[in-house]
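Chains as they are written, first to last, in my numbering: chain R, 1 to 260; chain G, 1001 to 1355.
If you're looking for bench data, these hints aren't it; they were derived computationally from the structure.
If a hint is listed, it holds; no wrong ones were tucked in.
Straight-line C-alpha distance at most 20 Å; calculated EDC-like pairs for lysine to aspartate or glutamate:
no.: 1; chain 1: R; residue 1: 246; chain 2: R; residue 2: 227
no.: 2; chain 1: R; residue 1: 246; chain 2: R; residue 2: 226
no.: 3; chain 1: G; residue 1: 1009; chain 2: R; residue 2: 113
no.: 4; chain 1: R; residue 1: 206; chain 2: R; residue 2: 25
no.: 5; chain 1: R; residue 1: 69; chain 2: G; residue 2: 1254
no.: 6; chain 1: R; residue 1: 181; chain 2: R; residue 2: 127
no.: 7; chain 1: G; residue 1: 1009; chain 2: R; residue 2: 118
no.: 8; chain 1: R; residue 1: 246; chain 2: R; residue 2: 205
no.: 9; chain 1: R; residue 1: 186; chain 2: R; residue 2: 154
no.: 10; chain 1: G; residue 1: 1009; chain 2: R; residue 2: 115
no.: 11; chain 1: R; residue 1: 186; chain 2: R; residue 2: 118
no.: 12; chain 1: R; residue 1: 54; chain 2: G; residue 2: 1254
no.: 13; chain 1: R; residue 1: 246; chain 2: R; residue 2: 222
no.: 14; chain 1: R; residue 1: 54; chain 2: G; residue 2: 1243
no.: 15; chain 1: R; residue 1: 119; chain 2: R; residue 2: 178
no.: 16; chain 1: R; residue 1: 181; chain 2: R; residue 2: 27
no.: 17; chain 1: R; residue 1: 221; chain 2: R; residue 2: 30
no.: 18; chain 1: R; residue 1: 216; chain 2: R; residue 2: 227
no.: 19; chain 1: G; residue 1: 1010; chain 2: R; residue 2: 113
no.: 20; chain 1: R; residue 1: 211; chain 2: R; residue 2: 196
no.: 21; chain 1: G; residue 1: 1010; chain 2: R; residue 2: 127
no.: 22; chain 1: R; residue 1: 181; chain 2: R; residue 2: 162
no.: 23; chain 1: R; residue 1: 181; chain 2: R; residue 2: 141
no.: 24; chain 1: G; residue 1: 1010; chain 2: R; residue 2: 118
no.: 25; chain 1: R; residue 1: 37; chain 2: R; residue 2: 226
no.: 26; chain 1: G; residue 1: 1010; chain 2: R; residue 2: 115
no.: 27; chain 1: R; residue 1: 119; chain 2: R; residue 2: 141
no.: 28; chain 1: R; residue 1: 206; chain 2: R; residue 2: 231
no.: 29; chain 1: R; residue 1: 216; chain 2: R; residue 2: 196
no.: 30; chain 1: G; residue 1: 1009; chain 2: R; residue 2: 127
no.: 31; chain 1: R; residue 1: 180; chain 2: R; residue 2: 196
With beta-carbon atoms standing in for the labels, derived distance ranges:
no.: 32; chain 1: G; residue 1: 1055; chain 2: R; residue 2: 106; range: 50 to 56 Å
no.: 33; chain 1: G; residue 1: 1259; chain 2: R; residue 2: 180; range: 38 to 44 Å
no.: 34; chain 1: R; residue 1: 123; chain 2: G; residue 2: 1009; range: 19 to 25 Å
Rough simulated footprint, nothing fancy, chain G against chain R, three-plus residues with beta-carbon under 8 Å:
no.: 35; segment: 47-54
no.: 36; segment: 96-104
no.: 37; segment: 114-121
All C-beta atoms, glycine included, are put in the ideal place defined by N, C-alpha and C.
Residue strings, one per chain:
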Amino acid sequence: MLSCNNVTFRYDRSGLPVLRGASLELEQGEIGILLGKNGSGKTTLFKNILGIHKPSGGEILFQGQNLTKMSRRERARRIAYVPQDIQFGELTVFDSVLMGRVSHFGLKASHADYEAVEKILQDMGLESYAQRNVAALSGGERQKIAIARAMAQEPKLMVFDEPTGNLDISNEHLIIQEAKKLAREKNISILSSLHDLNQAMNFGDKFFFLKDGVVKYAGGKEIITEDVILDIFDIHVHIVEIENEKVFVGGHIHGNLHEH
Amino acid sequence: MGSIALLQKKRRKQFVVIAMMLLAVLVLSFLCLFVGSANMSIKQCLQALMKKGTNAHNRIIWNIRMPRVLAAMVAGAGLALSGLIMQTGLNNAMASPSTLGVSNAAVFGANLSIIVFSGGFLSTGNNPNNWDVGANPYSTSLMAFVFAVLSVLLILGLCSLRSFSPGVVVLAGLALSSVWTAATTFLQYYATDVGLSAAVVWSFGDLGRATYRTDTIMAIVVVIGFIYFRLNAWQFNALLSGDATARTMGIRVDALRFVSMLLASLITAVCVSFLGVIGFVGIICPHVTKKIMGQDHRVSIPVTALSGMLLLLLADTLSRTIGSGSALPVGAITSLLGAPFFLAIIFSGKENRKC
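With the rest of the complex left out, here is chain R (with noise of 0.2 Å):
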C-alpha cells in the first residue's frame, strides 16, 4: 500500500544528503516500526511520506498513486500525522478533534462531521472531555486527542513520531494499546519510530531498521536479532525469550568509547 523506493532528501542543495536511497513497503493494516540512532533519518522519512518535505529522488507511492503529485488536501484525506511535539490551541476537545475534518469540509465544518467528530469520541471513550480546554490536559491525554484528531481524517495510513517519548510507562502502554486496536479495528496501517525495543515488539508487525539514510533491514519479528541490534545502535543486548516473545535485556556500548 505505501511503498518508498530508493527515497533520497538533503535539506540543503550542498549539504550531505539525509536519506541516501530509503525504501520500504507497508501493506493495509500493517504495523511498522522504524527504529534507527538519533539522526539516522526517521523523522526526515516521515516528513517526506507525510509531504512536508519533498523527496530530492526516488518516489513513494500510496495505493499505486505517486504522493508527490497529490493535493495536500488529497494527501490529507489518506495519511494522518500523530507528531511529537503536539500542539494545540486554546481549543475545545471536540473543536481539535473537528479540526482533523479541515481536510474534508475545507472551510465550513456540516452536520455529518460534526458526527463524525462525535462517533470518533465515543469510541475512544473522550466523550467527557469533549467540552474541555485541550491545552489543559496532561502528556498522555493530549497524545490521545492527537490520535482522535488523526482518526478524524479518516486516514488509511497514520504515521506516529515517537509516540511515547513524554509518557510515563502507564501512559506509553495505553497510547499503544489504542493505536493497535484502532489499527485492527479499521484496517488502518500505521507508520511508527519507537525508542524503546521492548515497546517496539509490543506494537509492530513489521520493522525497519534505519542506518545511514537507508533502510538496512525490513521484515518481521523474526529478523531482529543481537548482531541487527548491535549493527545499529552499536550496543550488546541480550534477547531472551519469555512466553514465546522476545525481550531485550540489558546492553552496553560496543567499543570503548570511553577510552578517547
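The hints should help you fit chain G onto chain R, whose structure is shown.
Chain G only, in chain R's frame:
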C-alpha cells in the same frame, strides 16, 4: 447530554456574547456623537442628527463627529484584527499590526512628505466651510501608504525567496523597522522646527483626520480582510498546531501566511496612513479576547474586531472629554486605558483554561 448538544449550547452562548458586544458598539457609537468640544446639548445633538438643527450643529454632527466615530469603529476593528492575525500567522504572542515594520515605514513616508516636501499637507479633518468637498490633500497619507506597502512587499518578497518560517519573518520585520526609524531620525535631524513639530504631531494617532472618504477606503480594506480571515478561521485554527502538523492536515501554510500577512499589513497601512500611529489596540484586543473566549478563530475573529471598536470608541470619547477643547492623542489613551486592563487580565487567575 451528547457532545453535539453541549456544543450547540456553547455556540448559543458565544452568539449571545457577540450580539451583546455588537449592541454595546452601537450604543457607544451613538453616545459618542453627543460628546465633543462644541458643548452641544443632547437636544441640539438629536436635532442635528435629524438634520433639523442649526447649520453649524448639523455640520458638527454629520461632518466632524460622524466620520470620527465611523473611523474609530473601522480602524479599531482593523487594527485589532490585524494584530490577531499577525499573532496566529507568525505564531508569536508579541506580534502586532506593526510587526512587519508597517507603522515605522508609514511614519517615514509621512515625515518625508512633511519635512522634505515642506509640510502644508497635514490633513486636519473636515472643512466645515466647504464640507461636501473633501478639502484635504492626501499627499502625506499617500506617501505614508506607499512606504508602508513598500515595506510589506519588501519583507514578504524577501521571505518568499528564502523562508516563510515565522521566526524569519519576525526578524526581517524587526530589521526593516529599525531601518525606517533610523531614516526618520535623519530626516528629523535636518528638519526645521516647524517641520519637525508637524511631523511629530502627525505620528500621534488622531481620529479627527478622518473624512467620509478615508472611512470608506479603510472600511473596504477592513471588510475584505475580515471576510478572508473569517472564511479561513479553520485554517488559522490548524496553524495553532504548528506548521508541520497543519501541512499534514491539508493546509497550504505558506500561501495562507503570505495572504494573511499581506492583508493584515494593508489594513494597518491604510489606517496608519490616514490616522497616524494608534498603538497597542492590536496587542490588547486579541489577547483579552483569547483569554476570555479561547483561541477558536471562528469566535475570536469577530470578537476581536468588536473589542477593537469598543476600545477605540471609548478611548476617543475619553480623549475628547478630558482634553477640554482639544482632543488628546488617541494612541496614548488606548495604551493608558488598555494597559491596566491588559495587565489585570494577564495576571488574573483566569489563566485559564477556558475556551
